[in-house]
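Colleague: The lines below spell out each chain.
Protein chains: 2
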Amino acid sequence: MTDIIVYDPADFHVHLRQGQLSRLVTPHVAKGGFNLAYVMPNLKPPITTTDLALAYKQSLEAIDPNIEYLMTLYLSPELTPDEIRKAKKAGIVGVKSYPRGVTTNSDGGIESYEVYDPIFKAMEEEGLVLNLHGEVPSDPESNICVLNAEEKFLPHLVTLHRKFPKLRIVLEHATTRAAVETVKTLGDTVGCTITAHHLSLSVDDWAGQSFHFCKPVAKYPSDRRALQQVIYEGHPRFFLGSDSAPHPIVSKSTATPTEGCAAGVYTSPILLPLVAHLLESFGALDNLQAFVSGNGRRFYGRTRGKDSPKAVRVVREKSKVEAVSELDGIKVAPFWLGKELNFRLGSL
Amino acid sequence: MTDIIVYDPADFHVHLRQGQLSRLVTPHVAKGGFNLAYVMPNLKPPITTTDLALAYKQSLEAIDPNIEYLMTLYLSPELTPDEIRKAKKAGIVGVKSYPRGVTTNSDGGIESYEVYDPIFKAMEEEGLVLNLHGEVPSDPESNICVLNAEEKFLPHLVTLHRKFPKLRIVLEHATTRAAVETVKTLGDTVGCTITAHHLSLSVDDWAGQSFHFCKPVAKYPSDRRALQQVIYEGHPRFFLGSDSAPHPIVSKSTATPTEGCAAGVYTSPILLPLVAHLLESFGALDNLQAFVSGNGRRFYGRTRGKDSPKAVRVVREKSKVEAVSELDGIKVAPFWLGKELNFRLGSL
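Respectively, the protein sequence lines represent chains L and D.
For the first sequence, counting from 1, position 323 maps to 323 in our numbering; every step adds exactly one.
For the second sequence, counting from 1, position 64 maps to 64 in our numbering; every step adds exactly one.
Bound conformation, chain L alone (with noise of 0.2 Å):
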């Protein structure tokens, strides 16, 4: 059993924060193991227009300047065709849709994706990627909740496939068997990422522990399963997008009688071990490159590094998940905190 030598390794999910969290959480990537980090839109206010993420890029690397950030605009009726084209030239690489209401950050969400079939259009003529929050909004009337709204958010991926055959589309953080089959059966255009913490997590890891609620909640133990196997089987349109998604301790952990918690789970500063952990815990250890870079990078038409390839060793060496991060008053708790990897970081 000998260490891993991980070449390239990118995140085509996590969310950087903005603030004090920002300054926190963005060394993070780097931290995880990782070079490139897809940035996703939802901050107050949220990333709406190119300039915003321009702007936005900038921030995170005056934090962090190594790190390659793949940027995204958030699905509004503000974004135009010719916002796309714009955003096109300035290096935007994806639009994320959010349903209204369904996480952080999610009240400008989109309710229905017909109006938007000119931005579609247009970001099928320019390459930018489609990143979609896969569940529909909850409605009881409906028998619609946390636990179905992702299976009954197919339907419209299939539809939009149809439509836009040519368009990039991601389905983003998978947590069902009905999604990994649905996307299994489009065509080469439709990616799908799967986090780290939903190859561990089932319905039973978050009732009634906050820091392991996230959207989509973890479903059933067959879902997670079946995560596990598309990984398993190396099916090159699946790969890494963490989710990494931080918000502080207080934030996490204590609900009101009347109030909730935060959705999120924080993968961040230990992504690469974990993910090396888990893979071979289902026997997928061997698929870890395509998994964390290979898949991804190839869906994204970014197969290097933007620099030389950066290799990245993880070695066979029991490390205990560090805790806890602080900045200016601001802690934020990693996922598996206190547990054992089987992996740590290590130099080349």
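Calculated from the structure, these hints are not laboratory results.
The model shown is predicted, which means the values in this text are computed figures rather than measured ones.
Hints may be right or wrong, so weigh each one.
Which copy? The list can't say, so a pair holds if one copy fits it or any two copies do.
[Said to hold, decoys possible] The list that follows gives simulated cross-link-like pairs (lysine-lysine, DSBU-like), each with its CA atoms no further than 35 Å apart:
{"hint": "1", "residue 1": "Lys339", "residue 2": "Lys44"}
{"hint": "2", "residue 1": "Lys184", "residue 2": "Lys152"}
{"hint": "3", "residue 1": "Lys86", "residue 2": "Lys318"}
{"hint": "4", "residue 1": "Lys121", "residue 2": "Lys166"}
Dock chain D against the given chain L, drawing on the hints supplied.
Modeller: Same frame as chain L, now just chain D:
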């Protein structure tokens, strides 16, 4: 729209705890409008013998002598047919079965029912009631988790009923359509309790909100609808058991990255107005008397209160759910804190 008079309201499933917490919450049975409490035995140590049950009853009577406490034993290997006969003579009413590890203080719960056949036989002969926490333990390999643990338990209920057709069995705190439908198919010796909070909550409500987290967890909106529907229909074998389960706020509100929160929703202090409010919301207010008193009392053969019938006035008047209760530094928060009910308790 006039006030409602309810006679002899009876809560056929309640946790009155021990020590300081018991002193804080036991008076809330009367505060919530009830004069009968069917008392759960999951203390530390559990109430496994007649003597322990009688001592526990005495401690409850010392706190509030005006409530009729119906006592239960905790099903465990210590229990013998002789102890069942002794319990019957001492006025103990039921035996509660907890599957191992699924809820508060259930570490000593059962793993297989067959070894208890002699106990069930004695209970059948003596007329003791078997109260089932109807969930099987989670088992990822078999895809069993908190969401389907109740449905997977139902075959055990059916088997027990077939084997001991004269044994009165109560499936406690049903949360699924499957449970409702199964109980309906069984004979008159099988009853089923429904909590107030499961008439209100679905999985969306406890996702990230630990104050709404309880076992069994609230399920899909369609399951909630089935619970409401069976009350609306006025089915005579379904009745209120609040499963009111207080925990100190600190145990409910604060998760750490490595430890979750306690399971339980606390409804005792607002129980009768809350149930009236909920039943009205789905058009079943006409069945209030049957649901909170008649059905359960008939099933248990307790058609009247221990003294003269007690009439309780439920006044149609908006009331805000009261603040946290406190005793010696222990604080408990009621369900729906700060929300408005359409009813309050009144004097006669």
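Colleague: Which of the numbered hints are not met once you compare them with the structure shown?
Modeller: Number 3 only.
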